[in-house]
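With the hints as your guide, set chain V onto chain F.
Here the protein sequences line up with chains F and V, keeping their order. Sequential numbering of the first sequence, starting at 248, is according to the working numbering. Sequential numbering of the second sequence, starting at 742, is according to the working numbering.
FYI, nobody ran anything at the bench for these hints, they're computed from the structure. Quick caveat, the model's predicted, so the values are computed rather than measured. Yeah, the Cβ is synthetic: ideal placement off N, Cα and C, and Gly gets one too. Treat the hints with care, as some may be off.
[Stated by the list, open to error] Some chain F residues near chain V, calculated using beta-carbon distances under 10 angstroms:
| id | residue |
| --- | --- |
| 1 | G262 |
| 2 | A275 |
| 3 | T281 |
| 4 | S288 |
| 5 | R292 |
| 6 | A313 |
| 7 | V332 |
| 8 | I345 |
| 9 | F346 |
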Amino acid sequence: LAKTTQPISMDSYEGQEVNITCSHNNIATNDYITWYQQFPSQGPRFIIQGYKTKVTNEVASLFIPADRKSSTLSLPRVSLSDTAVYYCLVGANTDKLIFGTGTRLQVFP
Amino acid sequence: NAGVMQNPRHLVRRRGQEARLRCSPMKGHSHVYWYRQLPEEGLKFMVYLQKENIIDESGMPKERFSAEFPKEGPSILRIQQVVRGDSAAYFCASSPSRDGYEQYFGPGTRLTVT
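Same shape as in the complex, but just chain F:
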């Protein structure tokens, strides 16, 4: 399973766009990139998944360059309620999720 590296923490203000980048240099051909969000005292919640190029849903966008060695989660116009820990996971669609320490996003008013 590919190891991921992401910033420990990020700060932003309400209304700004937040981009969280994840490095995964040894990603395998059959690996997908998935992002989860976790609020304090809650279980993680699936945000988005992609394999290459760009994926967008109602919550976020995921940008993956051609070499797939990194990916960027983009949160448009964040609000206070987006304050959470964001986890980047890389692996084949298998059974167990491998979580790193994540990026702690703090949104200020």
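Structure of chain V alone, referenced to chain F:
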């Protein structure tokens, strides 16, 4: 459609006692996963079960921990003779199939060993 349910939400046990954590998956989900999270850390996979079968227990400590997912009823994570190091949040997740990376997590059980 109710989400993944876990109970109790908080559990306090003295060293040496047993802890039983319950997880009811989402309706229609037959795949259950247990994870443990220590403070300020990411979740660590423990075990993956389908109805009546343990599929992958590579993350389970060899001693004192066991899990089951009976044909009827919730999945149970059992910790015997708890120690202070077992204090953590235990999350259960479920999914409708084996493929795919989207798992639905419950609110967790916070175990405190005194």
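To see whether the hints hold, each was checked on the structure:
1. G262: Result: violated, 29 angstroms to nearest chain V Cβ.
2. A275: violated (14 angstroms)
3. T281: holds (5 angstroms)
4. S288: With a closest approach of 7 angstroms, the F:S288 hint holds.
5. R292: This interface hint holds because 7 angstroms falls under the 10 angstroms limit.
6. A313: violated (22 angstroms)
7. V332: holds (8 angstroms)
8. I345: holds (7 angstroms)
9. F346: Where the cut-off is 10 angstroms and the nearest Cβ of chain V is about 3 angstroms from F:F346, the hint holds.
Hints 1, 2, 6 from the earlier list are contradicted by this structure; the remaining hints agree with it.
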